[in-house]
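Engineer: Here is what each chain is made of, one letter per residue.
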Amino acid sequence: MPLRFLVPVFLLGLASLVIPIVVHLTRKRKALVVEFPSLMFLERVPFQAESRRRIHHWLLLLLRALAVALIVAAFARPFLQDSEITAGMAGGPRELVILLDRSYSMDVGDHWERAVGAARDVVGRMGPLDRASLVVFARNADVVIRSSLEGSRLLAALDTVRVSDESTAYGPGLKLAQTILEEADLPVRELVLIGDFQRGGWTGDEGVVFPPGTVVTPVDLSSPAPSNRMVASVSLVREERGGRDRVYATARFTRVGGEDPESVETVLEVDGMELERRSVTLPANGAATVTFDPFNLSQDFTRGSVRFAETDELAPDDVYYFVLSPGRAVRVLVLDPAGGRGASSLFLTEALSISEDRAFEVQVRAGGGISSGELSGVDVAIVNDRPVPGGDAAVALRSFVEGGGGLVVLMGEGIRWPSELADLLPGAFTEPRDRRSGRGGRLGYLDYTHPVFEIFRGPRSGDFTGARFFRARELQLADPEASRILARYDDGSVAIAERSVGEGQVLALTSTLDGYWNDLAQQPVFLPFVHQLVRYASGRTEVVSSFPAGQVIDVTDARAMATAGLGEVAEALAGAEERVAVTPSGETLVLPTEGSAHFVRLQEQGVYEIRPPGNSDIRPLAVAVNVDLAEADLTPMDVEEVVASLASAPADEESVQRPGGREARLLREDQERRQALWRFLLLGAFVLLVMETLVSNWISRSGARRAFNAGS
Amino acid sequence: MASVSTRPASGAQLLLPEVLARIDNLELLARTVVEGFLNGLHRSVYLGLSLDFAEHRPYMPGDDIRRIDWRLFGRTDRHYVKLFEAETNANFVVLLDVSRSMSYGTHTVTKLDYARYLAACLSYFARRQRDRVGLVTFDDDVVDYIPPSAKNLDLCLHTLHRARAGRPGELRKPILKATESLRRKGILVLISDLYEPAEEVVRAVRVLQSPGHDVMVFHLLDPAELEFPFQGASNFRDMETGEDLPLIPEKLRDGYRDLVSAHTAELRERFTSGRVDYALLDTSKPLDQALFRFLLHREKKRKAR
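If you read the sequences in order, they're chains A and B.
First residue of the first sequence? That's 1 in the numbering used here, and the numbers climb one at a time after it.
First residue of the second sequence? That's 1 in the numbering used here, and the numbers climb one at a time after it.
Note that these hints are calculated values from the structure, not bench results.
For each residue, glycine too, the CB sits at the ideal point set by N, CA and C.
All clues stand as given, with none of them false.
Pairwise CB distance ranges, derived in the manner of DEER restraints: (1) B:R184 / A:S700: 53 to 61 Å; (2) B:Q231 / A:F10: 42 to 50 Å; (3) A:S700 / B:K151: 52 to 60 Å; (4) B:Q231 / A:L682: 36 to 44 Å; (5) A:W58 / B:Q231: 19 to 27 Å; (6) B:T272 / A:W698: 48 to 56 Å.
Just some of the chain B residues that point at chain A, by a computed CB distance under 10 Å: (7) A224; (8) M239; (9) E243; (10) H263.
Please model the complete structure; the sequences and the hints are all you need to start from.
Structural biologist: Structure representation (structure tokens):
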């Protein structure tokens with residue numbers, strides 16, 4: 001194996017070898033300066049400079065010259081050229097990307113073992129100059145090892161990879177592989193895709209374009225789909241009984257494949273205790289529903305699960321986790337006109353009182369002023385066709401809205417609005433206007449993208465066209481940019497508009513809800529509309545009982561955390577209070593108290609706990625995470641279809657390997673990188689320089705000692 | 001070495017430079033040295049250098065009984081001691097070189113320290129003889145000038161104490177300047193390392209002699225300046241000019257010694273012929289040689305008179 005240099009031009013630096021010699025011959029001995037009273041006599045003595053031209057310390061010169069030579073050689077990047085390697089790499093070294101599916105469906109049978117074995121085989125077949133990256137993917141993709149020549153590292157990394165609880169999505173993994181292959185400079189690029197090729201993970205529009213000439217090698221591990229049963233969904237319906245929440249859990253079980261009906265035991269667990277066990281018969285490719293006996297919900301963040309007593313081959317979809325907290329009713333204060341005796345709010349209060357889970361707590365107050373004390377603890381205040389006094393009442397109302405309260409203003413006959421609160425309303429209202437022609441006015445436009453009307457979006461989800469409006473006020477928007485119109489009458493005038501003020505919302509209805517100015521209260525949509533209107537005005541976010549595995553939440557985003565039922569965590573973190581998240585497997589993550597967004601990836605199935613660090617009596621907050629059931633569909637897709645979709649254009653001429661061209665350069669570079677002889681040379685130079693320092697110091701000290709002895 | 005070989009006189013160990021270097025008070029140093037030195041000599045020979053009668057005073061316990069005037073005792077039946085006037089009341093001035101080269105010293109003391117001790121001792125000794133003492137320190141100019149006076153010993157000692165070697169030196173110019181102030185005949189003692197050609201040194205000293213002064217020259221050299229014992233190639237830096245000269249001392253040693261010997265020999269010869277008392281002092285040797293030389297000089301002058 002002859003010695004070669006990758007950058008031989010650096011060998012010109014060997015000319016610097018003369019430097020130590022010149023230093024030896026010309027250097028003045030700074031260390032031995034002798035102060036003498038007068039050079040009067042010394043200057044008269046005949047002077048000979050012969051000693052300057054003599055090398056005194058051959059050892060020092062040798063050390064210095066050798067150190068310089070080694071440094072120069074290191075810069076020239078030497079390597080031992082192995083012609084066998086070069087000859088053996090007919091196509092040139094490869095840039096390999098091993099893309100390993102670790103979705104939870106890979107846990108079926110021996111899929112995972114086979115997948116890891118296949119990856120090991122690929123690593124074992126790597127040529128000496130091949131580089132490989134290991135990328136694992138499920139819903140998200142991660143690079144475990146990037147572009148490594150060392151097979152041992154890749155094998156060690158394969159030992160650490162585990163099946164996740166996420167579903168399959170080919171897009172992220174393929175995109176990552178594309179990036180690695182695009183940045184590679186080796187002549188041959190190859191992607192080895194190892195997985196069970198579930199059709200559910202393939203959308204067909206992954207948008208991956210590999211560099212020209214990339215070879216895609218699939219390793220298909222799919223097997224005939226076994227019979228698989230799963231907990232498809234769990235519906236948790238609440239009912240208020242005697243001031244307590246009762247929850248009815250209804251689970252839907254499905255079965256894919258199989259031939260004969262199968263009877264299986266299902267279990268409902270709450271807070272770790274088995275509450276009920278039910279037997280259910282699942283037909284082949286069929287489903288069954290079980291409604292468990294209701295259980296009381298007394299504590300916040302109550303954890304529960306519905307599971308099969310015995311798991312099948314694909315275990316993660318055999319359980320469904322949920323977290324529930326007792327609901328708190330939305331507190332509504334209806335401000336009625338004086339002497340109205342509740343007639344004007346009859347429909348309103350009745351509509352709000354009708355709900356299974358006691359969602360609203362309504363209080364009616366007729367006439368009188370409005371004080372901050374009355375508004376304390378109220379979520380939504382409804383000004384129902386009554387005058388609003390100015391002064392303290394106006395201040396209290398403004399403070400209420402700006403502090404996050406919801407205000408609904410029904411602009412009937414008796415509405416009077418103080419000028420100091422004019423900016424609270426979306427605009428100024430006019431005198432009532434009658435629509436007596438025909439059968440009155442109708443609602444001509446509804447903004448179905450708005451949360452209030454979103455539930456009415458679908459067909460047969462609610463019809464507002466039946467409602468007749470005989471009288472209404474006109475609302476002239478003060479600032480169209482700051483306001484949003486939710487509904488208009490058929491003549492284009494505003495029916496409902498909203499405006500955000502501080503943390504709260506103000507919704508203005510230009511008609512009433514009492515049955516006099518319109519007949520909306522007599523329409524079937526009235527009840528859900530009022531519920532939606534008040535719920536939206538309260539600003540409450542519906543808490544999600546579970547998240548899919550792989551979901552990423554930003555713990556610094558208060559709104560996102562509120563959706564997870566963790567609003568107080570966001571508040572605590574914003575207040576610089578420490579919190580830790582404990583994953584279902586017991587790993588502890590410290591949540592940052594400051595800084596920019598911090599994302600926590602809910603990758604494991606189960607229940608994540610979030611609590612202050614250390615031991616605490618406080619009941620931990622919890623988030624349930626379930627696997628995506630799309631992954632439970634093990635139907636494979638045609639591998640050829642995948643390969644055809646990923647096939648890249650053939651390699652262009654430039655990338656064709658030519659002996660002595662780019663390929664040869666890469667080979668030389670790789671050999672040099674692999675051997676890294678420059679490190680040893682630099683190490684040797686360092687050792688020599690250390691020795692040179694020691695020898696030099698010893699010589700200086702002994703010289704100084706001699707001079708001192710002579711002087712004394 | 002070309003200097004006079006001496007040994008510390010018996011009982012005069014305090015004359016060793018390394019011992020003197022521990023005494024910070026120059027007056028104490030001078031008294032210790034002079035008294036110790038005198039005690040080590042045959043006291044009777046030099047006792048009572050001043051023989052001119054001045055007055056009588058009543059005998060006090062502790063007075064030397066040999067000084068009792070027995071004749072007066074016979075007449076008055078009381079003991080009186082005879083007091084003598086000083087012999088000359090001459091001016092005694094030390095001219096001390098404080099150029100930068102005087103700060104050189106490879107031994108316990110530098111040349112300047114040694115010169116300081118010597119000047120202090122001579123001044124004290126002269127004052128003990130009731131001479132008027134003065135001091136001139138110089139480098140390339142006169143640095144301090146203290147006119148000779150019977151009261152100036154303390155001032156001289158103080159000035160010697162704070163004398164520092166700083167600037168490059170020169171002989172002729174400051175000596176000429178000092179001579180203009182020293183009109184009255186007296187004893188002038190020049191203490192220097194005399195790093196100038198012998199011709200220049202002699203010319204400068206002649207300036208001192210011209211008003212009729214008795215001149216003594218103490219030529220101070222460090223042992224390293226006499227022997228040049230250095231080894232190994234070194235840069236020799238002139239302390240006064242800062243000039244560097246790279247040398248191999250071993251190769252120059254003999255030549256250097258020859259030149260120094262020739263220089264001192266020439267000085268001795270020319271000073272002797274010019275009736276100037278010259279002494280080459282090695283700063284590693286005790287002070288008694290210098291003091292002895294000084295006493296001899298005084299005695300010689302007294303006899304000549």
